[in-house]
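Asker: Okay, here's what each chain looks like letter by letter:
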Amino acid sequence: MSDQTVTATEKRTVRFIIMRQDSPESEPYEEEFELEYRPNMTVNSSLMEIQRNPVNTKGEKVSPVCWEANCLEEVCGACSMVINGTPRQACSTLIDGLEQPIRIQPMNTFPVMRDMVVDRSRMFDALKRVKAWVPIDGTHDLGAGPRMPEVDRQWRYELSKCMTCGVCLQACPNVNDRSNFMGPFIVGQVDLFNSHPTGSMNKHERTDALLEEGGLQECGNSQNCVQACPKGIPLTTTIARMNREGTKHMFRKWLSR
Amino acid sequence: MKHRSFFNRRLHSLLGVIPVGFFVVEHLITNYEATKGVNAYVEQVEWIWGLPFLPVLEIFFIFLPLLYHGVYGLYIAFTAKNNLSNFSTFRNIMFMLQRATGVITLIFVSVHVWQTRLKVALYDYDAHALTGLTANLLSDPVTQVWYIIGVLAATFHFANGMWSFLVSWGITVGPRAQRISSYVWAVVFVLVSYIGIRAIFAFGEIANQLAQR
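So the protein lines, in turn, are chains A and B. Residue 1 is where the first sequence starts when you use UniProt numbering, and the numbers rise one by one after that. Residue 1 is where the second sequence starts when you use UniProt numbering, and the numbers rise one by one after that.
Simulated from the structure, these hints should not be mistaken for lab results. Incorrect hints may appear among the rest.
[Stated by the list, open to error] With a straight-line cut-off of 35 Å between C-alpha atoms, the simulated DSBU-like cross-links for lysine-lysine are:
id: 1; chain 1: B; residue 1: LYS36; chain 2: A; residue 2: LYS231
id: 2; chain 1: B; residue 1: LYS119; chain 2: B; residue 2: LYS36
id: 3; chain 1: A; residue 1: LYS231; chain 2: A; residue 2: LYS248
id: 4; chain 1: A; residue 1: LYS231; chain 2: A; residue 2: LYS203
id: 5; chain 1: B; residue 1: LYS81; chain 2: A; residue 2: LYS253
id: 6; chain 1: B; residue 1: LYS2; chain 2: A; residue 2: LYS161
id: 7; chain 1: A; residue 1: LYS131; chain 2: A; residue 2: LYS248
id: 8; chain 1: B; residue 1: LYS2; chain 2: A; residue 2: LYS131
id: 9; chain 1: A; residue 1: LYS128; chain 2: B; residue 2: LYS2
id: 10; chain 1: A; residue 1: LYS253; chain 2: A; residue 2: LYS203
id: 11; chain 1: A; residue 1: LYS253; chain 2: A; residue 2: LYS131
id: 12; chain 1: A; residue 1: LYS11; chain 2: A; residue 2: LYS58
id: 13; chain 1: A; residue 1: LYS231; chain 2: A; residue 2: LYS128
id: 14; chain 1: A; residue 1: LYS128; chain 2: B; residue 2: LYS81
id: 15; chain 1: A; residue 1: LYS203; chain 2: B; residue 2: LYS2
id: 16; chain 1: A; residue 1: LYS161; chain 2: A; residue 2: LYS131
id: 17; chain 1: A; residue 1: LYS248; chain 2: A; residue 2: LYS161
id: 18; chain 1: A; residue 1: LYS231; chain 2: B; residue 2: LYS81
id: 19; chain 1: A; residue 1: LYS253; chain 2: A; residue 2: LYS161
id: 20; chain 1: B; residue 1: LYS119; chain 2: B; residue 2: LYS2
id: 21; chain 1: A; residue 1: LYS161; chain 2: B; residue 2: LYS81
id: 22; chain 1: A; residue 1: LYS128; chain 2: A; residue 2: LYS161
id: 23; chain 1: B; residue 1: LYS81; chain 2: A; residue 2: LYS203
id: 24; chain 1: A; residue 1: LYS248; chain 2: B; residue 2: LYS2
id: 25; chain 1: A; residue 1: LYS253; chain 2: A; residue 2: LYS128
id: 26; chain 1: A; residue 1: LYS61; chain 2: A; residue 2: LYS161
id: 27; chain 1: A; residue 1: LYS131; chain 2: A; residue 2: LYS203
id: 28; chain 1: A; residue 1: LYS203; chain 2: A; residue 2: LYS161
id: 29; chain 1: A; residue 1: LYS131; chain 2: B; residue 2: LYS81
id: 30; chain 1: A; residue 1: LYS128; chain 2: A; residue 2: LYS203
id: 31; chain 1: A; residue 1: LYS11; chain 2: A; residue 2: LYS128
id: 32; chain 1: A; residue 1: LYS248; chain 2: B; residue 2: LYS81
id: 33; chain 1: A; residue 1: LYS253; chain 2: B; residue 2: LYS2
id: 34; chain 1: A; residue 1: LYS61; chain 2: A; residue 2: LYS11
id: 35; chain 1: A; residue 1: LYS203; chain 2: A; residue 2: LYS248
[Unchecked claim] Over the 10 Å line for every Cβ pair with chain A, so calculated as not near, a few chain B residues:
id: 36; residue: THR30
id: 37; residue: VAL42
id: 38; residue: PHE78
id: 39; residue: MET94
id: 40; residue: ASP140
Glycine is no exception: its CB is placed at the ideal position from the N, C-alpha and C atoms.
So that you can see chain A by itself, here it is in the shape it has in the complex:
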């Protein structure tokens, strides 16, 4: 008997328990779906299948589950959701690696818009607050920038992998409705632009903004972020690096004026 006939006769299925929410104000509720198992299926492909045929286990035709997705190769961060308790991307989560029933929930540390769709704009606001860019626009040609040492380039490459997916905020015990912590990711972004040879010209501004309300000091060293980050960004190392920078910045400010 070939492999194909085995799956055809046994009809293996995959069961999903999905946390649904119809609107930002409405109460969330659970809904179950069952799909036929197919090799190499992911959470994203499963949601696509539910979208094509939105019938729950009770046989009712329901509205399809909403979620965001773009790249389908774990570089855009849009399809982040909580899968069996772990925040991660739906596109790179293979069903084969999951325990069943598969529980899918939105990253509820963010405002839930609908089903898995969350509003991550607080992350973009945070990037604006700390000026996470290199300001080079001007009215005249500034010429070539300074060269970057190879060790700095390697370090910056790791930090540059951040896709603003929000997983580190969902994982962090200090990001919640009682705290105003901007989240672990912001520390890496300040480090990224501060360690750029041209960006370092404005590093005092970014460091200063990072130490404002809801900044670096809100980190409680649970180190969940570095465990959860899908891109393997050394978040706890960058936090400690910026802590050192913050210590220097604090004394420099006090003693220089």
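Position chain B against the provided structure of chain A, taking the given hints into account.
Answerer: Relative to chain A, chain B alone:
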């Protein structure tokens, strides 16, 4: 002020080491003298009581820093939302324990200050009377267990707090440095706990000796 919470948090971290952390270790080492008998302990207490500017030292180097560290610490503990069920990693467990032991230590220290410091001030006890009071207190098995819990919470909070202090001030930066720091402070936790618990049992023995006299 835009940097108030940064300042508060760093002050909380610093005060936890100097003077509060330093005081905890000094206090437990002083109590360890009780293992050498009543007279050695009384002598040690009298030496400390003979220090110049003692009330100033007590208020500005122990009481006020401890009060700030305790109250701001409570605020920190209650702004966290623990998520051990989804992230049961070593550091996340330490994160939770740091907050739990902080709260236990604050309760314990409040009771302990009333039982052994305010009462001494209120009734104007001498070093012998203080020793008798402490020994009498710790001869009760329930109090003994409570004191062991209190000491363990305090020493854990101190040792793990030292680990966090080194990260928060940017001293241990890389994962290897932080891992070695974990081992070092684990050893410190065991040693300081041993000193503290030996002292508790020593007071139990002193109670027996005093009862036989």
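Asker: None of the hints should be skipped; say for each whether it holds.
Answerer: For each hint, the structure was consulted:
For a cut-off of 35 Å, the pair hint linking LYS36 (chain B) to LYS231 (chain A) is broken: about 58 Å separates their Cα positions. Restraint check for LYS119 (chain B) and LYS36 (chain B): the C-alpha separation of about 25 Å stays at or below 35 Å, so the hint holds. Of the supplied pair hints, the one linking LYS231 (chain A) and LYS248 (chain A) holds, its CA atoms being roughly 29 Å apart against a limit of 35 Å. The straight-line distance between the Cα atoms of LYS231 (chain A) and LYS203 (chain A) is roughly 25 Å, inside the 35 Å bound, and the hint therefore holds.
Between LYS81 (chain B) and LYS253 (chain A) the alpha-carbon distance is near 33 Å, which keeps this suggested pair within the 35 Å criterion. Annotation: proposed proximity of LYS2 (chain B) to LYS161 (chain A) holds, straight-line Cα distance about 30 Å (limit 35 Å). Restraint check for LYS131 (chain A) and LYS248 (chain A): satisfied, since their Cα atoms lie roughly 20 Å apart, inside the 35 Å limit. Restraint check for LYS2 (chain B) and LYS131 (chain A): satisfied, since their Cα atoms lie roughly 16 Å apart, inside the 35 Å limit.
The suggested pairing of LYS128 (chain A) with LYS2 (chain B) holds, with an alpha-carbon distance near 16 Å, which does not exceed 35 Å. Of the supplied pair hints, the one linking LYS253 (chain A) and LYS203 (chain A) holds, its CA atoms being roughly 14 Å apart against a limit of 35 Å. Taking the CA atoms of LYS253 (chain A) and LYS131 (chain A), the gap is near 19 Å; set against the 35 Å cutoff, the hint holds. Distance restraint check for LYS11 (chain A) and LYS58 (chain A): the Cα-Cα separation of roughly 19 Å lies within the 35 Å cut-off, and the hinted pair is therefore satisfied.
As the CA atoms of LYS231 (chain A) and LYS128 (chain A) are separated by approximately 22 Å, the hinted pair is consistent with the 35 Å bound. Restraint check: the Cα-Cα separation between LYS128 (chain A) and LYS81 (chain B) comes to about 26 Å, which is no more than 35 Å; the hinted pair holds. Between LYS203 (chain A) and LYS2 (chain B) the CA atoms are separated by roughly 18 Å; this keeps the pair inside 35 Å, and the hint holds. At roughly 18 Å between alpha-carbon atoms, LYS161 (chain A) and LYS131 (chain A) fall within 35 Å of each other, so this suggested pair holds.
Taking the CA atoms of LYS248 (chain A) and LYS161 (chain A), the gap is near 27 Å; set against the 35 Å cutoff, the hint holds. The straight-line distance between the Cα atoms of LYS231 (chain A) and LYS81 (chain B) is roughly 24 Å, inside the 35 Å bound, and the hint therefore holds. A distance of roughly 32 Å separates the Cα atoms of LYS253 (chain A) and LYS161 (chain A); the hinted pair therefore holds under the 35 Å criterion. A threshold of 35 Å between alpha carbons decides the hint, and for LYS119 (chain B) with LYS2 (chain B) the separation of about 43 Å lies outside it, so the pair is violated.
Of the pairs offered as hints, the one joining LYS161 (chain A) and LYS81 (chain B) holds, with about 27 Å between alpha carbons and a cut-off of 35 Å not exceeded. Our distance criterion of 35 Å between C-alpha atoms is met by LYS128 (chain A) and LYS161 (chain A), whose separation comes to about 18 Å. Between LYS81 (chain B) and LYS203 (chain A) the CA atoms are separated by roughly 32 Å; this keeps the pair inside 35 Å, and the hint holds. Taking the CA atoms of LYS248 (chain A) and LYS2 (chain B), the gap is near 18 Å; set against the 35 Å cutoff, the hint holds.
Among the hinted pairs, LYS253 (chain A) with LYS128 (chain A) is consistent with the structure: their alpha-carbon atoms are about 23 Å apart, no more than 35 Å. Of the pairs offered as hints, the one joining LYS61 (chain A) and LYS161 (chain A) is violated, with about 40 Å between alpha carbons and a cut-off of 35 Å exceeded. Restraint check: the Cα-Cα separation between LYS131 (chain A) and LYS203 (chain A) comes to about 9 Å, which is no more than 35 Å; the hinted pair holds. Simply put, LYS203 (chain A) and LYS161 (chain A) have alpha-carbon atoms about 20 Å apart, close enough for the 35 Å limit, and the pair holds.
Pair hint LYS131 (chain A) plus LYS81 (chain B) holds up; C-alpha atoms about 28 Å apart against a cutoff of 35 Å. Using a Cα cut-off of 35 Å, the hinted pair LYS128 (chain A) and LYS203 (chain A) holds, with the two alpha carbons roughly 14 Å apart. For a cut-off of 35 Å, the pair hint linking LYS11 (chain A) to LYS128 (chain A) is broken: about 51 Å separates their Cα positions. For the suggested pair LYS248 (chain A) and LYS81 (chain B), the alpha carbons sit about 30 Å apart, so the restraint of at most 35 Å is met.
For the suggested pair LYS253 (chain A) and LYS2 (chain B), the alpha carbons sit about 14 Å apart, so the restraint of at most 35 Å is met. The suggested pairing of LYS61 (chain A) with LYS11 (chain A) holds, with an alpha-carbon distance near 22 Å, which does not exceed 35 Å. For a cut-off of 35 Å, the pair hint linking LYS203 (chain A) to LYS248 (chain A) stands: about 12 Å separates their Cα positions. Every CB of chain A lies more than 10 Å from the CB of THR30 (chain B), the least distance being 31 Å, so the non-interface label holds.
The Cβ of VAL42 (chain B) lies farther than 10 Å from every Cβ of chain A, with a closest approach of about 42 Å, so its non-interface assignment holds. Separation of PHE78 (chain B) from chain A is inadequate, the least Cβ-Cβ distance of about 7 Å not exceeding the 10 Å criterion. Under the 10 Å C-beta cut-off, the non-interface status given to MET94 (chain B) relative to chain A is violated; the minimum distance is some 8 Å. At roughly 37 Å from the closest C-beta of chain A, the C-beta of ASP140 (chain B) stays outside 10 Å, upholding its exclusion from the interface.
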